[in-house]
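Undergrad: So the protein sequences, as listed, match chains S and A. Number 235 marks the last residue of the first sequence (our numbering); no jumps. Number 486 marks the last residue of the second sequence (our numbering); no jumps.
It is possible that some hints are incorrect.
[Claimed, not checked] Only pairs whose alpha carbons sit at most 30 Å apart, straight line, appear in this in silico DSBU-like list of lysine-lysine:
no.	chain 1	residue 1	chain 2	residue 2
1	S	46	A	250
2	S	146	A	310
3	S	175	S	194
4	A	449	A	263
5	S	146	A	300
Calculated directly from the structure, the hints in this document are not laboratory data. Predicted, not measured: the structure shown is a model, and the values here were computed from it.
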Amino acid sequence: MFVEVSLKLFEGMLVTCKLFALTLLFSLPLGLVICFGSMSRFNPVKWIVKIFVWIIRGTPLMLQLIVIYYGPGLIGTWASKLLTTGAAAGGFVEWLATWHVFDRFFAVMIAFVINYACYFSEIYRGGIESISRGQYEAGQVLGMTKAQIFFKVILLQVFKRIVPPMSNEIITLVKDTSLARVVMVYEIIWNAQKFVKSDGLLWPLFYTAIYYLLFCGILTLLFGYIEKKMSYFRS
Amino acid sequence: MPILEVKDLKKSFGKTEILKGISFSIEKGDVLSIIGSSGSGKTTLLRCLNFLEFAENGTIAVNDKVIYNGAEKNKMSEQHIREMRLHFGLVFQSFNLFPQYSVLKNIMLAPTLLKFDTPENIEKKARELIDKVGLSDKVDYYPCQLSGGQQQRVAIARALALNPDILCFDEPTSALDPELTGEVLKVIKQLAKNDTTMIIVTHEMNFAREVSDKIIFMDDGVVLQEGTPEEFFNNASNERVAAFLKNVSEY
Ligand SMILES: Nc1ncnc2c1ncn2[C@@H]1O[C@H](COP(=O)(O)OP(=O)(O)OP(=O)(O)O)[C@@H](O)[C@H]1O
Ligand SMILES: [Mg+2]
Numbered sequence: 001m002f003v004e005v006s007l008k009l010f011e012g013m014l015v016t017c018k019l020f021a022l023t024l025l026f027s028l029p030l031g032l033v034i035c036f037g038s039m040s041r042f043n044p045v046k047w048i049v050k051i052f053v054w055i056i057r058g059t060p061l062m063l064q065l066i067v068i069y070y071g072p073g074l075i076g077t078w079a080s081k082l083l084t085t086g087a088a089a090g091g092f093v094e095w096l097a098t099w100h101v102f103d104r105f106f107a108v109m110i111a112f113v114i115n116y117a118c119y120f121s122e123i124y125r126g127g128i129e130s131i132s133r134g135q136y137e138a139g140q141v142l143g144m145t146k147a148q149i150f151f152k153v154i155l156l157q158v159f160k161r162i163v164p165p166m167s168n169e170i171i172t173l174v175k176d177t178s179l180a181r182v183v184m185v186y187e188i189i190w191n192a193q194k195f196v197k198s199d200g201l202l203w204p205l206f207y208t209a210i211y212y213l214l215f216c217g218i219l220t221l222l223f224g225y226i227e228k229k230m231s232y233f234r235s
Numbered sequence: 236m237p238i239l240e241v242k243d244l245k246k247s248f249g250k251t252e253i254l255k256g257i258s259f260s261i262e263k264g265d266v267l268s269i270i271g272s273s274g275s276g277k278t279t280l281l282r283c284l285n286f287l288e289f290a291e292n293g294t295i296a297v298n299d300k301v302i303y304n305g306a307e308k309n310k311m312s313e314q315h316i317r318e319m320r321l322h323f324g325l326v327f328q329s330f331n332l333f334p335q336y337s338v339l340k341n342i343m344l345a346p347t348l349l350k351f352d353t354p355e356n357i358e359k360k361a362r363e364l365i366d367k368v369g370l371s372d373k374v375d376y377y378p379c380q381l382s383g384g385q386q387q388r389v390a391i392a393r394a395l396a397l398n399p400d401i402l403c404f405d406e407p408t409s410a411l412d413p414e415l416t417g418e419v420l421k422v423i424k425q426l427a428k429n430d431t432t433m434i435i436v437t438h439e440m441n442f443a444r445e446v447s448d449k450i451i452f453m454d455d456g457v458v459l460q461e462g463t464p465e466e467f468f469n470n471a472s473n474e475r476v477a478a479f480l481k482n483v484s485e486y
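So that you can see chain S by itself, here it is in the shape it has in the complex (with noise of 0.2 Å):
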């Protein structure tokens, strides 16, 4: 029994890390848009995207996922319906009928990457922020191009201090994942689940737990390394 539920776990712990590295290939760099959206001297793409933000930020995770993955059918249903009582016609309702969910994984993963990209970004404004005038001024006072000062000279410093706070986030999005079960992605605590169901064993739940924290706990290493090789500098 142990070894059928270990590999069954093992099975769910495999569409979990799945679900963990493709959310960050995504959202790390879609972050980096959101910031410079939210920090843009053009006031309505400012203001657009602090909204979205704010949105993002100021709901549930467990309800961004439900939306992403049934509001499609939903509007397709709705649109059909319009479209059969003659309510309403033409391209774009004809369009819209045409709407319904997506694949599983795939509506998880977007609610995903969109969540963790407005985290992300916020902490990328704030380290891009921290960064004293001065550096600036000193690039620029030497013939820098912003580019150059950005890429050359800020870059780094930032990264430096957004390390812990990314730390913390990306340990969160390990345990986040198992949202995903809310529309039936198998991860790992939906297969511990199954055992709990089919032959009343709770122990496989707390197993999953042995699972997350090896994740972790690789993670945190990793991130105390690359602490490490960053602390030859102070900013």
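Since the structure of chain S is already known, use the hints to place chain A with the ligands on it.
TA: Below, chain A with the ligands without anything else, positioned relative to chain S:
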């Protein structure tokens, strides 16, 4: 022919006029010291000369060529602003070294990015400059491993690496412990001897007296008095200047 000629520079922040028409000139190889009470606009003047701020009126001419005209301040391209900046160097009160680079890299960064010279020559020159400011044993140190005085000397070398026509200092020693100011002032004196054209904002009166060819006293955005150190310290013609000097000498 003056190397730098500034005419009627005016700069406001919002509705407050900070520089109210500053004019002066410097000959090549001379040292100009700017003194004046806090808030009189000295830093603002240096920032206008380095185009960190843009004066809305007045001209700045280097080697008889007007490089900046306040009337055209909104028409300049980024590229043009960068070119103008290269005529000047600026040493900040708070050093502003790049913390992630070693002493050598700090000095080489801008010349390398600007393709100032071949990499070999850039490095050779950087090492010479480090020698000149007396830090040959600290080439591979990072800023956080240096004292304030050493950091400021690196900052001076970094500014010199781009061969500015005029090197500006904004109170280069006021962020330093008193026992560290000497080493920085010594480097500046050495530069003065080697005919580096410099503008120095300072509160160190003895130093200003010793190193300057000309002193300007600024008060509330205008130049109140201008003259050689002798004229300045021996018979301050203006009563505000006299009061300032008396005040300072009491410290
Ligand atoms: N960016 C700015 N925005 C608004 N006001 C400013 C700005 N920079 C400077 N000022 C104002 O301009 C005035 C002159 O400032 P400045 O820093 O040039 O004086 P200073 O002569 O260098 O003084 P100190 O000896 O204290 O360094 C001050 O009243 C200051 O508050
Ligand atoms: Mg000042």
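Undergrad: Tell me, which hint numbers fail for this structure?
TA: none
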